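S.K.: Residue numbers (the working numbering), protein chains in the order written: chain A, 1 to 825; chain B, 1 to 114.
Hints in this document: simulated from the structure, not taken from any laboratory. Just to be clear, a hint being listed does not mean it is correct.
Below are the PhoX-like pairs computed for lysine-lysine, each with C-alpha atoms no more than 25 Å apart in a straight line [as the list claims (entries may be wrong)]:
| hint | chain 1 | residue 1 | chain 2 | residue 2 |
| --- | --- | --- | --- | --- |
| 1 | A | 818 | B | 78 |
| 2 | A | 351 | A | 375 |
| 3 | A | 804 | B | 26 |
| 4 | A | 809 | B | 78 |
| 5 | B | 78 | A | 548 |
| 6 | A | 529 | B | 78 |
| 7 | B | 78 | A | 504 |
| 8 | A | 454 | B | 78 |
| 9 | A | 438 | B | 78 |
If you're wondering where the values come from, they're calculated on a predicted model, not measured in any experiment.
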Amino acid sequence: MVGHKFCEKITDKSDNFRIFVFGEEPRRAYDRVHLSEYFNGKTAEDLSLSHENWYNEKNITLYLGDPVKEIDRDNKTIHSNKGLTLSYDYLVLATGSSAFVPDIPGVDKEGVFVYRTIEDLELIKNYALNAKTGAVLGGGLLGLEAAKALIDLNLEETNVIEFAPRLMPRQIDSTGSLMLQTKLNALGLAIHTNKGTSSIEGTDRIESLKFNDGSELKTDILVISAGIRPRDELAKLCGIEVGTRGGILVNEFMQTSDPSVFAIGECALFNHNIYGLIAPGYEMAEVVAANLCDGNKTFNGFDMSTKLKLIGVDVASFGDPFTSEPDSRSILFEDTHKGIYKRINISNDGKYLLGGILIGEAEAYNMLLQTVNNKIALPPNPEDLILGSRGGNSQTENSGLAGLPDDALICSCEGVSKGQICDSVSLEGCESVDAIKKCTKAGTGCGGCIPMVKDLMLHTMKENGKYVRNVVCEHFQLSRQELYDLIKIHNLKNYEQVLDNVGKGDGCEICKPLVSSLLASIWNDMILKRGNDTAQDSNDRFLANIQKGGTYSVVPRIPGGEIKPDKLVIIGEVAEKYGLYTKITGGQRIDMFGAHLSDLPLIWEELIAAGFESGHAYGKALRTVKSCVGSTWCRFGLHDSVSYAIRIEERYRGLRAPHKLKSAVSGCIRECAEAQSKDFGIIATEKGWNLYVCGNGGSKPQHALLLASDVDSDTCIKYIDRFLMFYIRTADPLTRTAPWLNKMEGGIEYLRNVVVNDSLGMADQWEIEMQNIVDSYQCEWKTAIEDPEIRKRFNHFVNAPTEKDPSIKFDEMRGQKKAANWTTV
Amino acid sequence: MVEITTNWFEACRVEDAVQNGGVCVKCGEEQIALFYFTRRNEWYATQNLCPHRRQMALSRGMIGSVGEDPKIACPFHKKTFSLSTGECLSGDECAIQTYPVKVEDGLVYIGLQN
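Given only the sequences and the hints, what does the whole structure look like? Please build it.
M.R.: Here it is in structure tokens:
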């Protein structure tokens, strides 16, 4: 990777060099950082850092599978394994590292692997086919990556064995490690720390591991990831100086003891350090490239701060994560409920941030790292940095950004500073993250800095006096709320009319679905009516959810989750007939996956004939009203929650909104229907119903808040009518009810005033509007299959209507089909 | 001089195409996405395969414009491509193949190079 980066950098800077690259591996440089993705469907080509012709285009000669065997420094020539001899003016060693394999008896047994190259991964993948349990030796960064790979290979049990008393001993402390272990355990990973491995047992192949404490662990496969060893043998052979514990000695120009030979990346030893991360490697490449092109750059060590997602858990470590009293003071936050641990170390005078650790939630990482690197003075309550400000208005995020010096490094992958990003906005006129990416390359590496880039952009635009309006896109200089009113006032009925009257240009994938949703909310016309059909979002366009591979899934409505046995039989028969994968959804319905586009009308014909209707699973619309069984059967139930859920689902079915809507009804306070996690949820009380609003699951779960208590069934529905119309009218695009409420000034009290006390005087109008929508409901699928013009659109080929897409492929799993992985052609 | 001959493949009738949207044309073993930009009275054709996740899907995407340039957004992840040049407009480097289109006597033809 570092060698490749060097080629990129030097060819960008100059055409004066003739470059030859020798590689030991059979393929072009690839992304080792994301190696484990090879196991969840990425191919070697996906991981490649360049396309096939890149070297040609850059006039670089590439020799693959041909390592250099010898360097003749006196004659400035190299000899390759295949017998090539070439002379050089400058030689750059980017030989990287190999896996360190500790000297444990039995390490040569079958089933023991290292984790380093794509070839290693292929060997592991093949061997794992016959393995049930697996173990990884080494609980560092790479070891946990390897463990993720084993999980992805569907091993029944995966163990991680670490010699040190904690995981990731170089990055996190023992409390952090315990938190991480709890999280990883929950994901099915067994962690054993403080375990020295004494031998690998088994006749020919590995069967178990024996430890110093006398214990034993059965395992079918072992992946060793116990550290790296710099590949310095070539340098050593030709008399270039290497460190006593390995690594090619370099100065600040990355020069070795021979001034015309350089070393970069994991093979280089600078100031007693091997830098095993990608960002410093890229920096070394930059230093050599710049200096060969008459620049003057030096390598001054590198910050080893890192943030990564390990098997879905955020882990970050920055600055000096371990410093403690008496050298500094620490602020710790530990939440075993949510699995979050945060530690920041501050100077004794409380002025500066020195470093820290974040586990479970690492959103603050970028800002904290900047605070360390730029020696920014801490606020009076430094705990706000990890807890967020409690009380009062918080401006920390933005004032923090504004306080950064211009040379603060924002994108460490590409080495882009705050000043460069701000300049691209002020001087080059970049006003989108994409434009900044193109202009500065910031955010094109790991992407972790993109939120900061966006904030910097908005901040700079504001500073330049540019009014940042919350407009839809380039075609509508209006907010969603303004558009809603204009469509109503001008009586606009389809997308083209809206664009002609209040927009400009030809529309795009942002405004089309948004306007379509507004039209549906306001007029409730069939969404595939001519003129609106192609303005619908991907799923609405075909009234089904597009899935991996290009097939669709089908969800009939099952109101309240109640279904008669004969209808269950129909679903089973339809799924069997059309070869569909079936799964129960989280919303008490049945989802059928893998339908060809052209089968959709046929499937729906049969479902509708049997009394089913569209479930609108494809729309930003009301999805499902979940219910518990309620007082009809349950000995605790206070009211008939199922009947009420059916009434509500049938009232609001198909209602289009800024985002999807979910609801639930529970028959008592035991809350089996989980109503408090829904956009609107209802719980039975002794005296009536309690109505909760604005909850959601998803990536940021939020509990719903009590809007009204002990109301009767009709009043409750009236309140829901008003609540929903208020939401539909005023929410930003793709904003669910929870964030909508979070942004509302006055919060739930204000909302209650509007809905219950009718403080805006809109209640009557909203109830009438809602009743109109309810009265004009139609099953979209029924309309679709009865209209030959709409039906025609469900063929894959316009010129071969009876043929299905031949590129669709399925695999099998547990006796059902599944979509073939991405990128198979 | 190299002579490039264009072979015009008959794709469909004008009324079979979707207004302001796309259809997929089977052209031997290949799949070509054909777009009828009714609003601008323009026709475009590109490969149907979205290079991002290699899905046969572009014909089912939404068309639109960025500035004056007509574009298509893939229905899967909304990667956008210029309909005139095939260039990816979402920051990635993969471009898509484009084909010339002509309409004669109510029939739509896609130009394939031999």
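S.K.: Check each numbered hint from earlier against the structure, then list the numbers of those it violates in ascending order.
M.R.: none
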